[in-house]
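*Asks:* Chain by chain, the residues:
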Amino acid sequence: MRQVELEVLRYHPETDREPHFQRYRVECQEEWVVLDALNHVKETLDPTLSYRWSCHMAVCGSCGMMVNGEPKLACKAFLRDYQGVIRVEPLRHFPVERDLVTVIDDFVAKLARVKPYLIPKDPPPEAGEYRQTPAQLKRYKQFTLCINCMLCYAACPEYGLIPQYLGPAAIALGHRWNRDSRDGGREARGEELAAKEGVWECSFVGACSEVCPEHVDPAGAIQQVKIESTVDWYQEHLMPWLKK
Amino acid sequence: MNRNPYLRPITSEWIFRHPRYLRYMVREFSCLFIGGWTLLMVWGLKQLAEGPAAWAAFLELLRSPASIVFHLLALAFAIYHSVTWFNLTPKALPLQVGEGFVPDWVIAGAHYAAWVVVSSCVLILGGAL
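Quick mapping for you: the protein sequence lines, in order, are chains H and A.
Position in the first sequence counted from 1, then plus 408, gives you my numbering.
With the first letter of the second sequence counted as 1, position 16 gets the number 7 in my numbering; the numbers rise by one all the way through.
Just chain A, with the same shape it has in the complex (with noise of 0.2 angstroms):
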């Protein structure tokens, strides 16, 4: 018998064939809007060096409705792109303690815990606290 292997062509349809494909390319995605709001910032720094007329240029962009509207978006993705991270993080951090391990909540938990207080300090710096 002639051996004649068929290999089927990999299509981008793998991404909707089960809900978790497509919760990955968001996660994927996410990291556009993430990525364009640390430019902003960059580009906000630099007009801060130029002067208070740059400066304010840049606030008043800030406040424009596109802006607001892509910082909903930007905040949406970015809290989307960490909770699924740190639900993961059981996986990537097991801790075993004599025979049993670590429930996977605590683990998770805690770097929800830790975001709750970097964050805190952040805003607390920032004097929004």
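The following block holds chain H by itself, in its conformation from the complex (with noise of 0.2 angstroms):
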């Protein structure tokens, strides 16, 4: 057992004007991580306390948050990795709900927009499942593994600035969907991906696939679609021919 002091960013929609930091003296035991000192807060100190979370596996993306500053999933941010106070605020550039608990409406707008779903280029077949080869999944798998969990977003500084971005994830989904062979999408969500406040709103900073709890790397996506968009361009204004 050891102690760890917790300074939360605290925000009562009702009562406060702005938030203020609060500070918990929590007895953790060497394997927690932050959600383990978080749940014992709000179980012994104080029950007011709110934010989310739900698999305590890295898997559902629900309890990302600020910890020291670096976006994080509080369920995969071990508390022995940290020396002093730990800070906990909420994500960032999200407007705060209450406490750790973030607005996350535009995220979800935002992901719905770039159709991150199978648009059949063919029609389905007629009988048994569609099929890919290894080297078909492989071409995608990566983009799959994004758990919506925003913190690309908190890490993202043009995100910040420019909130009509897109944003890491979304494109990363988008994206997903475009490189599958079964998918025939990619010109109707280039009005999204392709535009000036999708893909070309970014200047690389490069910092979503840092944080990326999951490894998708949505940098690299954002890059990929930047020069597959910059490619159709040429085709259609300068070499109109090879264009379908």
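These are computed hints drawn from the structure, not numbers from a lab.
Quick caveat: nothing in here was measured; it's all calculated off a predicted structure.
Each residue gets a CB set at the ideal place from its N, CA and C atoms; glycine is no exception.
Mixed in with the good hints, there may be bad ones.
Said to hold, decoys possible - So, partial list: chain H residues that the calculated Cβ filter (under 7 angstroms) puts toward chain A:
1. Val504
2. Pro542
3. Gly628
With the hints as a guide, dock the two chains, each given alone in a separate frame, to form the complex.
*Replies:* Structure below.
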């Protein structure tokens, strides 16, 4: 057992004009993560503390928050990796609903805009399922690993400064379907992905990929869409005969 | 319950929050030196077109200590800019062969090799090698 001190951002929408920090001392075990400490606070010290969590195993993407200024999944941030007071804040760049709970409507709306679902290229197979080779699967598999935790949005200064920007996760998920051999929706998604407020708002800070807990590499996805979009533009304007 | 979401203001403090943001800003900042050097070259061409006296004055200006300091800074920033971008190329240009991807170092390495070849050609054409 050892003692850690948490400094947690609190905001009560009905009584507070702005957020403030509150400190909690927690007796913790060696293998605890930040989420365990928060649960301990809620269960034994302060039941009014609000935060989102569900799976406690880095799969659901609910417990994203800033830990000492870095976007982290609270269930994956081990207390033993931090020295001194641990500062816990809601994900940056999102409005704070209450305490560590953020308003995520903007991301959800953007995700829907990129059409993150199969838009079949050909009519579905008459019998059985779609077939795909391991190589075809490999082409997009990495981008399927996104858990919508929004750490990439909290890390991205472009999104913080230009909230209209579509953002890393939404672009990576649109790109995931563009790379799927069964899909024919690249042109339909292009209206959002290849737009100014799509990939062209990105100036390749690369922070999204550094903080991604699932190694999706959204920065890579964004640059790949930029290249595809550039090739599309040249084909359309300089070599229209190459386009069907 | 009334909703009253609070949006925390963004300040320029983000640049210093993590070294990665500072590295990014240095990369962006490098364009000022590269742009400045390019303008200097355009001005040099203009001086060349104006005749031997103007060209000699331009060469004299290049030999001044301030010019040498500027060129060293511009060279350092240009190298930083090139290296950071070449190291990022595997993200933008993943090359799939069968079920695997070509290793990152091969893609970045190919860019470095092309850089050496092109730079050597420029130096040979310029008579420096």
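*Asks:* Checked against the structure, which of the hints given earlier come out wrong?
*Replies:* none
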